[in-house]
Amino acid sequence: MSFITYVISGISLGSVYAIIALGYSMVYGIAKMLNFAHGDVIMVGGFVVYSLTSSMGMPPIVAVVCSMIFCTILGVAIERIAYRPLRNAASSLAVLITAIGISYFLQNIALIIYGSSPKIFSSVITIPPLKLADGALTISGETVVTIAACIVIMVGLTLFINKTKAGQAMLAVSEDRGAASLMGINVNGTIALTFAIGSALAAVAGVLLCSAYPSLSPYTGAMPGIKAFVAAVFGGIGSIPGALIGGILLGLIEALSKAYISFQLSDAIVFAALIVVLLVRPTGILGRQIQEKV
Amino acid sequence: MEDAKKKKMTAYTKQTMITYGMVIAVYIICEICMHTGKMSNQMKGLLVPLCYYAIMAVSLNLTVGILGELSLGHAGFSCIGVFVGAVFSICMKDVITVSYLRFFFAILLGALAAGVIGFLIGIPVLRLRGDYLAIVTLAFCEIIKNVVNIIYLGKDSNGLHFSTKDMMSLGMEEGAIEIVKGPQGISGMPSDANFTIGVLLLLITLFVVLNLTHSRDGRAIMAIRDNLIAAESVGINITKYKLMAFSISAALAGAAGVLYAHNISIVKAATNNFGYNMSILILVFVVLGGIGNIRGSIIAAVILTLVPEMLRGLQQYRLLIYSVVLIGMMLLNWSPKAIEWKAGMIAKLKKGRNKKQTEKQAD
Numbered sequence: 068m069s070f071i072t073y074v075i076s077g078i079s080l081g082s083v084y085a086i087i088a089l090g091y092s093m094v095y096g097i098a099k100m101l102n103f104a105h106g107d108v109i110m111v112g113g114f115v116v117y118s119l120t121s122s123m124g125m126p127p128i129v130a131v132v133c134s135m136i137f138c139t140i141l142g143v144a145i146e147r148i149a150y151r152p153l154r155n156a157a158s159s160l161a162v163l164i165t166a167i168g169i170s171y172f173l174q175n176i177a178l179i180i181y182g183s184s185p186k187i188f189s190s191v192i193t194i195p196p197l198k199l200a201d202g203a204l205t206i207s208g209e210t211v212v213t214i215a216a217c218i219v220i221m222v223g224l225t226l227f228i229n230k231t232k233a234g235q236a237m238l239a240v241s242e243d244r245g246a247a248s249l250m251g252i253n254v255n256g257t258i259a260l261t262f263a264i265g266s267a268l269a270a271v272a273g274v275l276l277c278s279a280y281p282s283l284s285p286y287t288g289a290m291p292g293i294k295a296f297v298a299a300v301f302g303g304i305g306s307i308p309g310a311l312i313g314g315i316l317l318g319l320i321e322a323l324s325k326a327y328i329s330f331q332l333s334d335a336i337v338f339a340a341l342i343v344v345l346l347v348r349p350t351g352i353l354g355r356q357i358q359e360k361v
Numbered sequence: 036m037e038d039a040k041k042k043k044m045t046a047y048t049k050q051t052m053i054t055y056g057m058v059i060a061v062y063i064i065c066e067i068c069m070h071t072g073k074m075s076n077q078m079k080g081l082l083v084p085l086c087y088y089a090i091m092a093v094s095l096n097l098t099v100g101i102l103g104e105l106s107l108g109h110a111g112f113s114c115i116g117v118f119v120g121a122v123f124s125i126c127m128k129d130v131i132t133v134s135y136l137r138f139f140f141a142i143l144l145g146a147l148a149a150g151v152i153g154f155l156i157g158i159p160v161l162r163l164r165g166d167y168l169a170i171v172t173l174a175f176c177e178i179i180k181n182v183v184n185i186i187y188l189g190k191d192s193n194g195l196h197f198s199t200k201d202m203m204s205l206g207m208e209e210g211a212i213e214i215v216k217g218p219q220g221i222s223g224m225p226s227d228a229n230f231t232i233g234v235l236l237l238l239i240t241l242f243v244v245l246n247l248t249h250s251r252d253g254r255a256i257m258a259i260r261d262n263l264i265a266a267e268s269v270g271i272n273i274t275k276y277k278l279m280a281f282s283i284s285a286a287l288a289g290a291a292g293v294l295y296a297h298n299i300s301i302v303k304a305a306t307n308n309f310g311y312n313m314s315i316l317i318l319v320f321v322v323l324g325g326i327g328n329i330r331g332s333i334i335a336a337v338i339l340t341l342v343p344e345m346l347r348g349l350q351q352y353r354l355l356i357y358s359v360v361l362i363g364m365m366l367l368n369w370s371p372k373a374i375e376w377k378a379g380m381i382a383k384l385k386k387g388r389n390k391k392q393t394e395k396q397a398d
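Just so you know, the sequences run in chain order A and B. Here the numbering used here runs 67 ahead of the position in the first sequence, where the first position is 1. Here the numbering used here runs 35 ahead of the position in the second sequence, where the first position is 1.
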């Protein structure tokens, strides 16, 4: 039974990684940049919900929606102020360093407002735990909601990309930015929309993460952000099913290696798995192989 | 033909001499300030870390600027240097009593270990390109940090004891020396490092990197950076030169790590000093100093280390200001619009000056 418990906790953690990885993957696919600040948007999402529920006493659902709206605005603002001016810069490192600057900025703003000591985040999920197999197996409400949210987001996003005009525009921009703009697609608007969706997802991920691991500090987002990025690369960056597979696999590897191999080495095992995957398939599990042209 | 060659040589020698001269001049000024008592204790404590950051920046510039590959795992190599060098020094404390000699061997060993690991990591990893290489080097850095955190090492009369569980499972005799204590880090290094050695090490690093850049091998490495396919087609061995640059860069970082370890009493492998955060910080030095510009790396490392320290009076706001300055500088230096605007302003100024001059001449 304990094995199944570990697997379920792995899938739950992996679902959170998958939701974060989606934001990374979409932004990378469309804007061709590593958004290092994505992990910190998760932290901002968590803090918005924390402030609204604990100090203003708002109902959790309203707080989550507010947090999503706040993060969406934040994401679009970051893109507009810091990333867009550098889109055609001579070096692609410029925008990477700017993203790092934004990441420091968000962390330090949170540090000034909330201080460095971790806050206890009361779970916003009030669903009673599921009891299976006569109580031998208990699945917490957080886990149920996390997995459900992940499925809903994946299905919704796949439909959005494949069935709507805006989604098709995203695909076109990720394929060839110049050609897309010649076809009359608003490239800047499409990239802004991608950042908006990615940041809203980050807010959701922040709430789910903090509900499952109820401690919140300015550095909460950094490590999950890096791991979600690893998950995105794992599955093939730029691909939605890839982010899902990468996230779930990463969560499973982490949970199982924590349980059976070594608690301290679990991160090392996760990163080693990434290296093995990249050596076998250099563009990730579902990534497209790109032919190099001379 | 001969003349042209001579001129070119002197231009290059001049540039390198300026770089060496700059370091030596700063060293002399600092020494004078120290001996006349004009330097605060805070500043004195910063001197060796400044050398460390400068060496890290110069060696990372070899990977990022000269080889043209983005590495986010540079701190991992210095972590190897720290632990190998520190373990060596602690074990050899009683064997080699001359501190300079012991430190020399420690640096050599640390650099060798980091270089070998850089070579081994490089073989599979350098096949990847661009952002994938960045994420894999970041992963390696985290792995090294994690592995170092579970190592327990002690020494007694029976020799060295090693475990990955805890201190107790080493089963050592009484009076044994605990060298590496897992997450508690490593302590008890002899404090062999000082500013003079730091500057010497920086000069050696500069010598290695500058000479490599201007050698046949260096030109091959830069050819790979500028166009991989073209370089391959003229018969340059891509793997060999990539590995060469990458492992030299790793070895220099390892040497810097040994310097760092012998300047403080306890080293723990945490996210701030050997995780990706530190790798990114070093990358920031390289990018702000100018990618491929060795002198710029040193200047950026020194200024960006001093600025947050100078802002210490502002306490919690200092890193916020740092981040805003970082974003602002990137936008100003790299945004095509800002570059255009700057060029326009300069042209306007020149025009104005020319106008004045012609007016004067007319008078």
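Think of the hints as simulated: they come from the structure by calculation, not from any bench. Honestly, I wouldn't trust all of these hints.
Said to hold, decoys possible - Here are the computed lysine-lysine pairs in the DSBU-like style, where the Cα-Cα straight-line distance is at most 35 Å:
(1) Lys386/B <-> Lys372/B
(2) Lys216/B <-> Lys186/A
(3) Lys186/A <-> Lys198/A
(4) Lys383/B <-> Lys372/B
(5) Lys190/B <-> Lys325/A
(6) Lys372/B <-> Lys391/B
(7) Lys391/B <-> Lys377/B
(8) Lys372/B <-> Lys390/B
(9) Lys216/B <-> Lys99/A
(10) Lys372/B <-> Lys385/B
(11) Lys99/A <-> Lys395/B
(12) Lys216/B <-> Lys190/B
(13) Lys73/B <-> Lys395/B
(14) Lys303/B <-> Lys200/B
(15) Lys79/B <-> Lys99/A
(16) Lys303/B <-> Lys190/B
(17) Lys395/B <-> Lys385/B
(18) Lys372/B <-> Lys232/A
(19) Lys186/A <-> Lys377/B
(20) Lys216/B <-> Lys73/B
(21) Lys390/B <-> Lys377/B
(22) Lys73/B <-> Lys325/A
(23) Lys383/B <-> Lys395/B
(24) Lys303/B <-> Lys325/A
(25) Lys49/B <-> Lys303/B
(26) Lys49/B <-> Lys73/B
(27) Lys395/B <-> Lys325/A
(28) Lys128/B <-> Lys395/B
(29) Lys216/B <-> Lys79/B
(30) Lys198/A <-> Lys99/A
(31) Lys128/B <-> Lys49/B
(32) Lys230/A <-> Lys325/A
(33) Lys303/B <-> Lys186/A
Claimed, not checked - Simulated coverage check for chain A against chain B, where a stretch passes if three residues somewhere in it have a Cβ under 8 Å from a Cβ of chain B:
(34) 136–144
(35) 217–228
Only a predicted model underlies this, so the values are computations on that prediction, with no experimental measurement involved. Positions of the beta carbon are idealized from the N, C-alpha and C atoms, including for glycine.
- Task: For the pair supplied as a hint, Lys383/B and Lys372/B, confirm whether the alpha-carbon distance does not exceed 35 Å.
- Result: The given pair, whose Cα atoms are some 16 Å apart, holds under the 35 Å limit.
- Message: Checking one constraint from the list: CA of Lys216/B to CA of Lys73/B, max 35 Å. Satisfied?
- Response: violated, 39 Å
- Straight-line Cα separation of Lys372/B and Lys391/B no greater than 35 Å? holds, 29 Å
- Message: For Lys395/B and Lys385/B, compute the direct alpha-carbon distance and say whether it is at most 35 Å.
- Response: At roughly 15 Å apart (the allowed maximum being 35 Å), Lys385/B and Lys395/B satisfy the hint.
- Item | Hint consistency between Lys99/A and Lys395/B [alpha-carbon to alpha-carbon, up to 35 Å] | Status violated; Cα separation ~54 Å.
- Holds or violated: Lys230/A with Lys325/A, Cα cutoff 35 Å? Roughly 40 Å between the alpha carbons, so the hint for Lys230/A and Lys325/A is violated.
- Below or equal to 35 Å on CA atoms is what counts here, so check Lys216/B against Lys79/B. holds, 29 Å
- Task: Sort out whether Lys325/A lies within 35 Å of Lys190/B, counting only the CA atoms.
- Result: Holds, at about 30 Å.
- Straight-line Cα separation of Lys303/B and Lys200/B no greater than 35 Å? holds, 17 Å
- Holds or violated: are the alpha carbons of Lys73/B and Lys395/B at most 35 Å from each other? violated, 49 Å
- Message: Holds or violated: Lys391/B and Lys377/B, Cα atoms, limit 35 Å.
- Response: With Cα atoms ~21 Å apart, Lys391/B and Lys377/B stay inside 35 Å; holds.
- Within 35 Å, alpha carbon to alpha carbon, are Lys216/B and Lys190/B? Roughly 12 Å separates the two Cα atoms, so the pair holds.
In this structure, the hints that do not hold are numbers 9, 11, 13, 15, 19, 20, 22, 25, 27, 28, 30, 31, 32, 34, 35, in rising order.
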